[in-house]
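Q: Once you have looked at the hints, place chain B with the ligands on chain A.
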Amino acid sequence: MTLLSLRNVDAYYGRAQILHDVSVEIAAGERVAILGRNGVGKTTIVNACLGVASVHRGQIAFGGRAVSTIRHFTAARAGIAVVPQGRRIVPGLTVKENLLLGGAVNRKGAWTIDTVFELFPMLRERTEMAGTALSGGQQQMLAIGRALMANPDLLVLDEPSEGLAPVIVDGLADTLRDLAASGTAILLIEQNFGLVHRVAERYYLLSKGAIVETGWLAGLSMETLKKHVAV
Amino acid sequence: MRLWEETDDGAPGTVPEATTERRRYRGPPRRAAAPMLIQTLNGLVYGGLLYVLAVGLVLIFGLRRVVNFAHGSLYMVGAYVGYTVTAVAGFWVGIVVAVLVLTGIGVILDRLVFRPLQDEDPIVTMLVTFGLLLVLEDAVRTIWGKDFLTVQPPPLLAGVVHLTGTSFPVYRLAVIGAAILVAIGLSLWLRMSRVGLYVRASSVDPLTTGMQGVDTEFLSATVVAIGSGLAGLSGTISAPLVALSPSMGGSILIDSFVVVVTGGLGSFTGAFIAAMLIGQVHNLGVVFVPGAASMIPLVLMVLVLIWRPGGLVKAGA
Ligand SMILES: Nc1ncnc2c1ncn2[C@@H]1O[C@H](COP(=O)(O)OP(=O)(O)O)[C@@H](O)[C@H]1O
Ligand SMILES: [Mg+2]
Chain A
1 MTLLSLRNVD AYYGRAQILH DVSVEIAAGE RVAILGRNGV GKTTIVNACL GVASVHRGQI
61 AFGGRAVSTI RHFTAARAGI AVVPQGRRIV PGLTVKENLL LGGAVNRKGA WTIDTVFELF
121 PMLRERTEMA GTALSGGQQQ MLAIGRALMA NPDLLVLDEP SEGLAPVIVD GLADTLRDLA
181 ASGTAILLIE QNFGLVHRVA ERYYLLSKGA IVETGWLAGL SMETLKKHVA V
Chain B
1001 MRLWEETDDG APGTVPEATT ERRRYRGPPR RAAAPMLIQT LNGLVYGGLL YVLAVGLVLI
1061 FGLRRVVNFA HGSLYMVGAY VGYTVTAVAG FWVGIVVAVL VLTGIGVILD RLVFRPLQDE
1121 DPIVTMLVTF GLLLVLEDAV RTIWGKDFLT VQPPPLLAGV VHLTGTSFPV YRLAVIGAAI
1181 LVAIGLSLWL RMSRVGLYVR ASSVDPLTTG MQGVDTEFLS ATVVAIGSGL AGLSGTISAP
1241 LVALSPSMGG SILIDSFVVV VTGGLGSFTG AFIAAMLIGQ VHNLGVVFVP GAASMIPLVL
1301 MVLVLIWRPG GLVKAGA
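Going down the list, the sequences are from chains A and B.
No gaps in the numbering here: position 172 of the first sequence is 172 in the working numbering, and each next residue is one more.
No gaps in the numbering here: position 255 of the second sequence is 1255 in the working numbering, and each next residue is one more.
Quick caveat, the hints were computed from the structure, so don't treat them as lab data.
The C-beta atom is built at its ideal place from N, Cα and C for all residues, glycine as well.
Each hint can be trusted.
Some chain B residues near chain A, calculated using beta-carbon distances under 7 Å: (1) A1201; (2) V1204; (3) D1205.
According to the in silico footprint, chain B covers these stretches of chain A (three or more CB under 8 Å from chain B): (4) 63-74; (5) 82-92; (6) 96-102.
Only chain B is shown next, with the shape it has when bound in the complex:
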């Protein structure tokens, strides 16, 4: 039984035909009977991308108390920068440059937007970051146009692996691996390093942390830059899986908000668990109830919040 129609270059074939529908990552092509294993793996791929994006939101919210509606646009800009650099210098350079560019954008955003807004009414910060989203989308539309663009995975990660009678693109496995590496790296940094300790302390009590001699403004700027760089990473590694369009950040942004809230606002562990969970249900939704797929994560969020109003894991954990 051949359920996964892939070419040998490993491109998962999600480039949609020109439709008016809003573009988003949709997982694999719909095959109602795709085996459990493939389903689960695809859920992990989407969960991994979501995690890398959502954890940046958690970092930025933790230190600046700003809900960043532009985060999906940073993801989108990351994908486009990756696209252009990949065309010139190859995929790996593309990833590095995209992360660096987005880290730089994070530094600028923090200085011009987040830092001045941190003590403002949440409504103000939402409006401003929402405005930023529109600006970034327009900027990308101006620079790259509104046609769909595609990126090929690097030759090293092309092809498929054969798993119990079916096959799965190597690139997708690599995305799962990358997300796990980010999760491990972040948690080691936060748990084991001095600076990680200051980040955790500052996210619950910036004044007391500052009183101990920590420059919390600089720390926050650094963390926003990292969060923005992670959005860029998420964007570039998703580029070979989706069609690039200026609006590609929209629905994954909503899903990553769902992840942050479901995981427990401010919790890194919670974000990881929630991202994997949302990745799974999202994918099941795409396969079994395609018409309502984008609602399923929201339904899960509501159920979790009824069960545990603070989310899955307490903040700071």
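So that you can see chain A by itself, here it is in the shape it has in the complex:
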């Protein structure tokens, strides 16, 4: 089953067109990466799915169903949870409250606050701390934990390795692989190829708002990679 599909999407911020004819498709259980340098429109793909960037042409479908008007909550309710760029831990809320917020969609499944604490025991020790007081790596865990609280079919992560030490990125790779193994599809948006090649099986290359190449990660040549991402 297709969990998320963008078909020939043009997306805009106001009158500025950012995405040109973008088509992306992720099926259940897949591990897919979108690669591209800074400013090519990676986050805009996420924003189009959240109703932040406006789609003037093409179609976005969640769980095989085309959506005509996308609101901020539409994707979440369709089983697509986003770990946004910069993590967006909500200020003024504790670690636990940030997690509870993630459960707002009320989708039942294996993930509860207890199973999230089993996955990230360090969060359990800090339940009452302000979420924003955590270190970068811990905030990333909190953001992933928050997304898991929605029991998503698809987890979208926008540059999760940004600003993290290499050893933390290793841990992140393991976590994402485990999640994928347990059946959650993963859409990993990254410039960090080190993380991508440990997690994804398929890729899309984005350049200047357009998909320039797609295929299996195993077949991605070094030259193409160097041309489109800093390695």
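A: Chain B with the ligands only, in chain A's frame:
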């Protein structure tokens, strides 16, 4: 020493004689030597009314980023609706109906004004809500006329209690109690309930809150309705304390802005502390410097902002 000249029906006797002066809540009749206790209690009464009004402003500002200049008019409309319903069906029904009517007005205002304006320049929203203030005042003037109207407190809360050698109207104590109940109820709701969590989250980051599956537009509409209903509550419970006039919302609106800013924009706890503080200084002002009474809260605000530019309490708290 008899310092408090009240009739036994507990009406605090603040109905002003016809003067050209702008009507506002002025606390008790001026008695320079009223004892400390009475002063403090009267400060709490005004602080309580201010809190219930200001917390609605905080809610509306928190979720819609709109500074609602019409909030004092909602208070005024609440008092008038309470007046009319009280005359027909009694005080308690009057309160319930006024709160419901104002909640409904809140739903309409949100749909027609606040929601479309939330991404606009603050100047635009100020002008529009200011225009709304004028419209509501005129509407009330047309329906109820411009003569002063008065409301009697309900028989259950009539009379006075005797306190260490002096007496104090029961109704005023009830107003303090009502404000405390609102404060407790709101803080339990915001702290302990799911929806309260979404409200707090949405007031700092609506996009992230929405991304988690919360319909933040619906949430905001609900919160604006509650804020408007609270303005109605504040208006009806103040009705037995003041003379109703179409312009009665003016100065209490200014004081509640002072409360919101002094408390720390967006802070509920701050609003409570600031309301009680402003209630006290306002009342002292009325007694000791009647000529400059309305300036004293502003002076306090400036002092607090010099000391702590963000207000007493950080937003979200
Ligand atoms: N809110 C916005 N309004 C207008 N332009 C934006 C906005 N956000 C991003 N952009 C522009 O859109 C382009 C793509 O940005 P983005 O999707 O964030 O890139 P990436 O995530 O690949 O780094 C950039 O040129 C950026 O300047
Ligand atoms: Mg980005």
